[in-house]
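Undergrad: With the first letter of the sequence shown counted as 1, position 132 gets the number 131 in numbering that gives the first Met the number 0; the numbers rise by one all the way through.
Derived by calculation from the structure, the hints in this document are not laboratory data.
Treat the hints with care, since some could be wrong.
Cβ pair distances, simulated, as ranges [as the list claims (entries may be wrong)]:
(1) A86 with R107: 25 to 31 Å
(2) R87 with P66: 33 to 39 Å
(3) T172 with Q22: 24 to 30 Å
(4) G133 with G64: 32 to 38 Å
(5) W105 with Q134: 26 to 32 Å
(6) R187 with P151: 18 to 24 Å
(7) Q98 with G133: 39 to 45 Å
(8) R107 with M0: 19 to 25 Å
(9) A79 with E36: 20 to 26 Å
(10) E36 with A86: 34 to 40 Å
All C-beta atoms, glycine included, are put in the ideal place defined by N, C-alpha and C.
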Amino acid sequence: MTYEQQRQDYVAALDWVARLMAQTAAEQLGRPTPCTEFTVRALLGHLVGTARRGLGTADGTSTRGVPHVVTDVPDAELAAEYARLAARLGPAWSRRTGQQPVTAPWGRCSALDAVRGFTVETLTHGWDLAVATGQPADALEPVAQRCLALAPDVVPDRLRGVMYDEPVDSDATIPATERLARLLGHRRL
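With the hints as constraints, model all of the structure from the sequences given.
TA: Rendered as structure tokens:
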């Protein structure tokens, strides 16, 4: 896959998550999610933080000060903040080339590898949000299929038990987005 194709997959994942967040009701914020460390509110804050880290990585600015879960955005403004960030991320990454080195939150890598990582993270947590809020969870199956091929490189075994849980059993009859989430240790509630 070319860098431009991967960037487009990332933009599609960002747009999907922005739509999911816009449809998340205030009364759903306390619900648990398939990512067991997060409630819906914490997941929204994590998604905003991930988008901020993605933008910082694309722009070449440090992301060390971006918290794992953003809490400085009021609940009612989370979806709008995410949509603003998502709108900036596509253009920011278009200024990069695939082999250009960047400093992602996990270390130095190519822009292509960074965009791959952010795509997998965004799509997986999008699935978490969709499942937790009762929204369609398999809207980006072609993107998820491509992410499944990337996941072993994006989530190496050395990060299991540190940043990612062990994979959950899966099979080919399950939609690709859920298989991706299961590969990262997430399971339906």
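Undergrad: Does the hinted range 34 to 40 Å hold for E36 and A86 at CB?
TA: 28 Å, violated
Undergrad: When you take the CB atoms of A79 and E36, is the distance between them in 20 to 26 Å?
TA: Holds - the Cβ-Cβ distance for A79 and E36, about 25 Å, lies within 20 to 26 Å.
Undergrad: Hint says 33 to 39 Å; check whether the CB-CB distance for R87 and P66 agrees.
TA: 19 Å, violated
Undergrad: Does the beta carbon distance between R107 and M0 stay inside 19 to 25 Å, or does it fall outside?
TA: 21 Å, holds
Undergrad: Can you tell me whether the CB distance of W105 to Q134 sits inside 26 to 32 Å?
TA: 29 Å, holds
Undergrad: So the hint says 39 to 45 Å: do the beta-carbon atoms of Q98 and G133 match that?
TA: Once the Cβ atoms are compared, 41 Å apart, the range 39 to 45 Å for G133 and Q98 holds.
Undergrad: Given the hint of 18 to 24 Å, is the C-beta distance from R187 to P151 inside that range or not?
TA: Because 22 Å falls inside the window, the suggested range holds.
Undergrad: Is 25 to 31 Å a correct range for the gap between the Cβ atoms of A86 and R107?
TA: 27 Å, holds
Undergrad: With respect to the beta-carbon atoms only, verify the hint that T172 and Q22 lie 24 to 30 Å apart.
TA: Holds, at about 27 Å.
Undergrad: Between the beta carbons of G133 and G64, is the distance compatible with 32 to 38 Å?
TA: 34 Å, holds
Violation of the numbered hints given earlier is confined to hints 2 and 10; the remaining hints are satisfied by the structure.
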